[in-house]
Structures are given as C-alpha cells and as structure tokens.
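**Student:** Residue numbers (this note's numbering), protein chains in the order written: chain A, 1 to 433; chain B, 1 to 368.
These are calculated hints, taken from the structure and not from any lab test. Keep in mind that a hint or two might mislead.
Subject to a maximum C-alpha distance of 30 Å in a straight line, what follows is the list of computed BS3-like cross-link-like pairs (lysine-lysine) [as the list claims (entries may be wrong)]:
{"id": "1", "chain 1": "B", "residue 1": "K315", "chain 2": "A", "residue 2": "K261"}
{"id": "2", "chain 1": "A", "residue 1": "K346", "chain 2": "B", "residue 2": "K293"}
{"id": "3", "chain 1": "B", "residue 1": "K315", "chain 2": "B", "residue 2": "K153"}
{"id": "4", "chain 1": "A", "residue 1": "K261", "chain 2": "B", "residue 2": "K267"}
{"id": "5", "chain 1": "A", "residue 1": "K346", "chain 2": "A", "residue 2": "K261"}
{"id": "6", "chain 1": "A", "residue 1": "K209", "chain 2": "A", "residue 2": "K28"}
{"id": "7", "chain 1": "B", "residue 1": "K153", "chain 2": "A", "residue 2": "K261"}
{"id": "8", "chain 1": "B", "residue 1": "K294", "chain 2": "B", "residue 2": "K315"}
{"id": "9", "chain 1": "B", "residue 1": "K3", "chain 2": "A", "residue 2": "K391"}
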Amino acid sequence: MSQGFLSTENLPFCSGCGHGLLARSIEKALQRLDHLTPLDLVVVTDIGCIGIIDKQFNAHTVHGLHGRSVALATGISMGLSNPEKKILVLLGDGGATIGLHHIIEAAHRNIDMTVIVHNNMLYGMTGGQPSGLTPCGFKTSTMPEGRPDSGMDLVKMVHGIGASYARRIIAAGDLTDVLEEALRVRGFSLIEAVELCPSYGVKFNPGRKLAEITEGSGLAPVLLRNESAEPFHPTLRGNTESLLNDVPVPAVEFGHELSGKVSIILAGSAGEGVQSTAELLAQAAISCGLYVTKKGSYPVTVGVGFSLAEVIISTEEIHYTGITGIDAALVTSVEGREKALARLEKMGAGMIFIDSALNVPASGAEQITRDYRAPLGARSASLLCAAHFVKRSGFMPLEALLKALSSSRAGRAVDTGKLEQAVEGLEREGGAK
Amino acid sequence: MGKQTAFIDGSRLMIEAAVQAGAEVFVGYPITPANLLYAYSSRRFPIVLPAPDEITTLQWMSGFSAAGRFPVTATSYPGLALMIESIGMAFMMELPMVIMLVQRLGPATGTATCGAQGDLSLLHGINSGGQPVPTLCPSDLDDCYNLSAEAVKLALRLRCPVFLLSSKEMVMTLQSYDLSRVSPVERVKREYYSGPEPYLPYAAGPDGVPPFLPVGGIEHQVRLTASTHESNASLQHSTPGALENTRRLRFKTEHNLHEYTRYEYDKRNPDTLIFSFGITAAAAREAAASLAKKGKPVSLIIAKTLFPVPPDYLKIMEGYSRVIIAEENQGGQYREILFGKNGRKGVSGVNGIGRLISPTEIEAEVEK
C-alpha cells in the first residue's frame, strides 16, 4: 500500500468501527480517479476519532480544530483553485454539529471539495454524548432514555442550499462506488455515512442494528443532486489601483491669517452635509498650506439623527487630534445643538454660528444667528454656515473653500456663485446678536 | 518631490502598504470601527471575500495561508473574541497572516464608535501556554504605512500570525498628510523549502523558524497540525520532541525580537521619561514638546513593538527615577504587564477610558 493514498492498513480505530471501513473504501475510490497522485490530494481532518487518521495518509494533511475542518478546507480549496487537486474533509457528527454553519456556507458557495461526515450518532472520543445528528430514540451516555426529538437532516440541508451532491449512506459493505461518485463531483459533495460506534453505540443500544435505527428516524439513505450547480472560485484581480492615487492633493494656492490653531465643531443632522462640509473645510485649509484633522460622530444608523464633526486647523503639524477648547461652533439643527449643548455651554470665548430657528445656548462665546437653511436649502445648511464662518473669521479666504467645493463631488450639486452670494447676503444682515 | 498634502486616514495607508508588501487575500467581516479597512481592501486586494463570521474568517485565512496566499483581516474585540481559538491554531500550524485589530471601548459590545487601548492584557496572554503573538502598534500615519508593510514581512519571516494593533482614532480620523513621505514598499519575496530530503514542516534552524511550503505541491508532502506535534507534524502527547517543538514556538518570537523591536527614544532628561504608544503617542509627543518649551524637557519613548515585550524598554526605564506611562485604558494594562501588580517606585500611569488621553493630563502628571 506504500504507493497508495493510505500508508498502512493498520488503522487506529476500534474493531468493528465504520471509520476503518470507510477509510479503506476511500483508498480504493481515490485509486480509481485518473492521474490523481497522493500529493494531488489535501486531506483536512477534524477533531474526533476520525481526526487521527491524517497520520496514515501519504497525501498533504491538515489537522485543525473541532468543527472547523470544512471552513479550513474552504480556504485551502479557494487558495489552490486548482481542479486537478482534490480536497477531502473527514469529520464526525460532532464536528458537523459544532461547525454546521461552515458546512452550510461551503455548500451554499458550492466550494470544490468532498466532505465525509462519519455519523456514528454520538461523540465517541469524549464518552458517547449525543450530537445534532443523533436520531430520535438513540440512547447515549448522557441521554440514556434516548433522544426524544429528531436529529438534523444534514443531507437535506446542504442540498437545499445548493451543494452539487449530497448523499446519506449506511456504512456497511464495499462503499467504493459511492465514494468514487462523490469524489468525481465538481463542486461541493457531501456524504453522511451512518455508523454504529462499537464502543458506546452498541453499549447503550444493545441488539439494535443500523438498518433498523436509520429506518424511520430520518436517517434513511438518500441521494440529492443539484445538477447545474457550478463550483465557486474567488476572482483574482490583477493590478488594482493604488489607494494613494485617487486622493485629492490640493495645490497650495492661497494664503492665510491664522496664528496657532482653530478648533471647530460642526453640529447638525444627517443629510445636511455636515461631514462633507467638514472635509471641504479641511481641503480648503490644505490649499492654504495649513495642517488639518477631522473626525466625525453620528449614530450607528448613519442616515438619521445628529451628525457631529470636529475639525482642527493649525499652522503647525497636529499630533493630538482631540479638541480641548472649541474656538468656533457651527450649529445648524436641533439634533446637532442637543448633542453639542454641554460643550457649547462651556465655551468661554470664540464664536457660535447658529441657525436662527434654534435657541441660542448660554455661553461666553459670540453668537451669530442666521437662517442657514432658507438660502440654499436644508441639505446645504452646514456648508453655508461654514462658508459664513470662514468669511466672518477671515483666517483663510472664502475662495479657498469655494475652490475646494468646485473640485469636489458636492460641488456638482451646489453652485459656488450662489454660495458666495448667500454668504454676502448673510453678512449684510448685520452684526452679532 | 515637494509636499503632496492629502487628507487621509490611517486605514488607507495600512491597506495600501499591506498589499504592496505582498498581502493577497482580505477576508472580511464587518465591525465598527474597522470597516474602513474592509472598504479600502475591497478596492485594493487581489482577492476579497466576505466571511459569514469571524471564526470562519480566521479559518478561511488559515486555509489560504496553508495554500501559500497571504491573508489579512481587520476586526475589533467582539470579532477577535471569536477568532482566538483559530488564531491559536494558525500560530500552532505556523501560518503567516496579519490581523489588524482596531480597539474600541469594552467590555463586550461596549461602545463601537469609541476608541480604546483596552485589549493589551488579552493580547499579552492570547495563547494557551503564553506564547506571545508578535504585535506592532502604529503611533501615527507614517507608522500606519510602514508598520503595516512590516507586519506582512514579519509574519513571513517568523511564519506566524502578526497583530497590527490600532484604535478607532488611528484608522478613522482624517489628517492632512504629506504623501511624499511614503515610498513604494518592496514586495516581500517568499521563500519555500526545496531540497531532496522529505520536508519536515516543523524542523527549524537556529533561529527557530521552520521553512514554509504550501500544501498541494507535487514535490513534497506537507503536514500541518494544531495538535502537539514533533518536527514531522506527527501528533504526540508529550514526547521530548513534541515539547521541544512547543517551546520553540515561544523561542522563535523572542529570539528574533531584536529584528523587529521598533520604538522611538528621545533622551532629553536623565530622570524623567514618558512612555506611550498607539493612539496616546500623539498626546505624549505634544506633552513632551510643551514641557520642553517650558524649559522642563523630558525623555520620551514611543513603543511600536508591544509583544513580545522588548527587553529594551525595561532596560531603558531602569535608568529613570520617574516613568510616566500613558495609555487609554483603566488601570494601565501595559504598565502592569511591564511591572506587575506591585508596580515600581517612581512609575505612574496616566489612564482614562471613553476619551483620548490629553497632553495636559500627561504634563500634569510629569509636573506633579
């Protein structure tokens, strides 16, 4: 047998165990596959009695964790993506239970592999406890009265979700033909081989035979195919573009009047362009040769509720990106105001630009109230407020913001000329209240 | 080249550098605050796959790695918790991969959108047996790029999983950044076992790192296992050869640590040292600069290799009567890893949760 897939006929299983019968049938079935050599085969084993067989294979072997063998094999199958290689997974009903969703996922994607579930209806390595595939009435060490409900129909499940081939057999006699058929399938093939554990199965169910146990308990032999299912292989993309090629690099074309740094918060609602406005402010500042940081904050349901952004603009490189004292707050909605209120009330100086529909918070900051929603619509409220702030504070030219806007995606929706006019209009409305 | 200032986040730099270094597969499962890493990966990686959960993620990655393709994922604590058994498997099988871990406020689901540095104790003891998993920790955008490439290189060099540890602020905050600071990364050349002798998957030379060979080749049989094993991967209970192999797993990460010990050390004061890393490094840098401006310079270490703990840190700290360790967690996890529950005279921490540690807090501790 040294030229075969198994290195020995002396397998490490109890006398009378179906695992040995299956292993010898697997050897014969593999021998029938044209041109397949042991090193064209990758055997992935699970934890459990069947898992210790990898030592006996002349193939590549990967012995992983309990229940994860099918997921591990999925990675190997996709990684190799080579139809000339065979991926064979050997696991028990315990592994199939704990790793059920790995089997379902691989079957759904129709990953190219053959999975043999050695269903001896209990956990043989740990004392004979019941698994998800234990049939109704079958007695086990921790369920001596027998399982009261039915076990899962694994074959029906993997068929239902798209596997090319799913079959349940009774582990008796020569199984070579069946195994060969499964191994020849392109895509996902699974065989559930029902066995009787000679140690615990026989002990707790004396006198019962496999045929009788499987009959009427949902474990009767069955073959289910999805004839047209194609195996899944991941798409390998050649030259994807560098992520550094598509970021805007604004030219430094404006001056500035900033000394030190300015910390700004923008407080509005989802859909008002708060985050994009904060980024436009940043792009504008970069075009003035300044350093910037920006972070956003919003509820996990991003399309609703408050939207808060923090922007720091500085003449020097910024390390710490937290805001300790706010120099300017741009408040455009009730939700934004509420979210930022505690911080607004702490402002001892600086400026608060706030929509005229909102209650002005009590603080030591200069308050500038305007209708930021009407001139360009609610969706541009934050942008108009920011433009007004830039114009009023004068630390960088409004042109820098307009240029950033016209270079951005948002610029397609907002006319820079109209924005400039609206800012002029707000300025004409008068001084601070 | 002049300055090329763009407005970017650390995620973009991490993914770009990883791909340039040779990472090929990104297996993703969505989790805040690591989603940007997944988003950039979906544009940049040669293969991107959505896994149904984080256990599957690590298993698929291990399969890809066993097949010779370099995998990466990004997650946060809840995902890491599911991955841990499989990370141990990948460590035991000696499969190269990078796990980008973005810390958020715990315990449990905690606050998904709040940064933290609270996973250090967990990472320190992540393997049953205590074998450290190499962990690099970027302190700024330069590091996001450079250490990401280095993580790929290190995983291949040591043949094991490597953590790239960050926090929400590092991967999500946008910052003006001069792109002329980054240079193209040379793709790591993978080396495989070749030779007439049968391949022993866990037979290592003096550096403790066994040569790698993917499964599926027709020259040599490859065996991989997560169970205690000897150099030929044969499962053993506790034979001398098997226990020696288990010891080697610790040895290889510690023996070669000098190759990947990365930190900045600015010695400005013989008595007082600020030590920080990751997202708190920025505050430490600002505190040190501010103190220098006031005429009270301090020394500063920004640690970038966190695990295994480089002996350099303790050696340098021995020379200082005052050491202030700043980290965004409760109680100072890394400080405890360095000095134990009893601590050391003169060593104190600046800690907090739910917010960035500020430069003023660190300054105040120094000036106390």
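**Student:** Could you run down the list of hints and mark each one as holding or not?
**Tutor:** Cross-check of the supplied hints:
{"no.": "1", "hint": "B/K315 x A/K261", "in the structure": "violated, 38 Å"}
{"no.": "2", "hint": "A/K346 x B/K293", "in the structure": "holds, 28 Å"}
{"no.": "3", "hint": "B/K315 x B/K153", "in the structure": "holds, 27 Å"}
{"no.": "4", "hint": "A/K261 x B/K267", "in the structure": "holds, 28 Å"}
{"no.": "5", "hint": "A/K346 x A/K261", "in the structure": "holds, 19 Å"}
{"no.": "6", "hint": "A/K209 x A/K28", "in the structure": "holds, 26 Å"}
{"no.": "7", "hint": "B/K153 x A/K261", "in the structure": "violated, 39 Å"}
{"no.": "8", "hint": "B/K294 x B/K315", "in the structure": "holds, 28 Å"}
{"no.": "9", "hint": "B/K3 x A/K391", "in the structure": "holds, 27 Å"}
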